[in-house]
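Student: The lines below spell out each chain.
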Amino acid sequence: MSVLMTFLIALKALNRNKMRTTLTMLGMIIGVGAVITMVALGRGAQQSIEDQIKSAGTNMIIVSAGNWTVGGVRQGQGASSTLTEPDADAIRESISGVQYLAAGVSTRTQVVAGNMNWFTRIQGTDIDIPLIRAWPMASGAFFTPQDVSSSAKVAVLGSVARENLFGPDADPVGQVIRIKNQPFKVIGVMSSKGQAAMGDDQDDQILVPYTTAQRKLMGITYINNITISAASAPQTLRVADDIIALLRVRHKIMPGDPDDFMVRTLEEMASLRSEAVQTMTSLLAAIAGVSLLVGGIGIMNIMLVSVTERTREIGLRLAIGARGRDVLLQFLVEAVVISIVGGLIGIGLGVGLSKGLTSGLAWPTSVSADAIGAAFGFAAITGIFFGFYPARKAAGLDPIEALRYE
Amino acid sequence: MPPVISVQDLTKTYVVGEVEVRALRGVSMDVQPGEFVAVTGPSGSGKSTFMHIIGCLDRPTGGTYILDGRDVSKLSKDELALVRNRKIGFVFQGFNLLSRTSALDNVELPLLYQGHAMRKAERHTRAMKALSAVGLNERAHHHPNQLSGGQQQRVAIARALINEPPIILADEPTGNLDTRTSIEVMGIFQRLNQEQGLTILVITHELDIAEYGTRIIGFRDGRIVSDKPVARRRHAEEELAALPAMALDD
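Order-wise, the sequence lines are chains F and X.
Each residue of the first sequence is one higher than the one before, counting from 1 in the working numbering.
Each residue of the second sequence is one higher than the one before, counting from 1001 in the working numbering.
Treat the hints as calculated values from the structure; they're not laboratory data.
Errors might be hidden in some of the hints.
Unchecked claim - Pairs of lysine-lysine, BS3-like flavour, derived with a Cα cap of 25 Å:
no.	chain 1	residue 1	chain 2	residue 2
1	F	Lys153	F	Lys180
2	X	Lys1120	F	Lys12
3	F	Lys393	X	Lys1077
The shape of chain F in the complex, shown without the other chains (with noise of 0.2 Å):
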């Protein structure tokens, strides 16, 4: 009997009892849309990332003040003091290729503006940072070199740091905000930029002059940190050997001693996150494909109890001339119609579920068409293997008793 014939007997039978295939396709419905959601969310993640790099320039390098161990001491980044504007000025003017360099301070405390105040970063900076982060403002303007020479009190507000001091809609440029006690003036406002690669969110902070951060807010003389861009992306790793050699001469590090600083470029920073978000991808498609494996197990279990609830239909058909081939074939069509089927219903809705996800709670998904062509053949070897058993059980029937069976 040909292959379309079985077809459209596996079908007709499917047919017949709705609800049922129905609910045995659920389990496969779940399973394959769950893979591909979780697969779509751990790549929407690397993507981000990915778009990061390419948005903050490949060029990137910040070197931290402090190592782990220093002096068999474990310090942590930025808890040292040994990192100062001179180390700073000596990079900009003795390393060839470093295009805009930034020092960097930061500290977290009280801001207040009018009746309203907020906790947040303020990131003391200097001129080149909108430059090195490809960080356009949405208003006003950034400090100039003198606000930096002179310690100024002005202020640049991140979108985050603007809406809970100002409201969403307010332009604050030109107003008067209190940052430990002491007025500064708003004299711009960045445009949106969401997370950095390294996790802070970049848009809750207010960005001041280093200098005004040191001497003004924090008493300080030494640096955090230092942000410099390379002037082209082959360089970047070889500033960043310099950078090194430089500062272990400039801090009179014996060879052999460990840094005690960290010189890192923004692509080793992605790539540590970006495996991490792989692990993570591989984690939840795992669990996801346990739930696949349950719907092929669920499938097979209700083949059987197809079977056995089926067994006269069996026997007559037996009796009326289907070859245990026909009915072989019959079952194992009927098992990779349900999964085929689920599996393609699933594809939508982890599609739909993962377009949903990023517009409704801006979660960045990203379907790829390998994942849907895995998922589908995954689906149809699922029926093909889960449905085998039953329908070799079917196809086994001894048409007497069968025809016997109450």
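Once you have looked at the hints, place chain X on chain F.
Tutor: Relative to the frame of chain F, chain X by itself:
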């Protein structure tokens, strides 16, 4: 004219655990085309085993069985399936129709297994023809749960006829039917037997049903113990006409 069924020294032995059960102990008989044979006997007499072998659902342990000129005693399972499809029309006590399926699709079923594809239009035509032969063409699209017991059995008979087989095998065809419907069904068998020359074998333990046939064979202990023509044959159509008129749903 050669017999349509010819068995010679048929034996069938089952092994159940450690015990050998000799269900058939040497059965020989012929059935000529156009006969209407009733097969009777108590349970355990071997009549069911005999019918299973005649119906090619089982193979004999020994002896030969020639069906419509072909020795089918040693065919493979697949070959037997094709023989069942082409040569035998089954009618069962429990009707065995597919639920949630129209009468038309039920009748068509054997056509799906007959070895080569047949176009839907042709299947449709043949199924309608078979349903007309049993008087049910107006209910072609009804499902079994919309049909009475008698109507369901008639659909089953139409299904048995669809491939125009030489013999019809009926296993207690009236077992689930009331008296009047039983007579109607036996009437259909008689009509098919007389008008189309169809050979019919009916297993039954009810002697009054057996009397609609032309010949009664009695089994006991795995052997045929009696084989004689029916003395006073009953005629279903006459009996139906004589019954008091009842509301019919035909």
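Student: Lysine 153 (chain F) and lysine 180 (chain F) were given as a pair; does the straight-line alpha-carbon distance stay at or below 25 Å?
Tutor: holds (12 Å)
Student: Take the C-alpha atoms of lysine 1120 (chain X) and lysine 12 (chain F), compute the straight-line distance between them, and say whether it is at most 25 Å.
Tutor: holds (14 Å)
Student: Please verify whether lysine 393 (chain F) and lysine 1077 (chain X) have alpha carbons no more than 25 Å apart.
Tutor: holds (16 Å)
Hint compliance for this structure: every hint is met.
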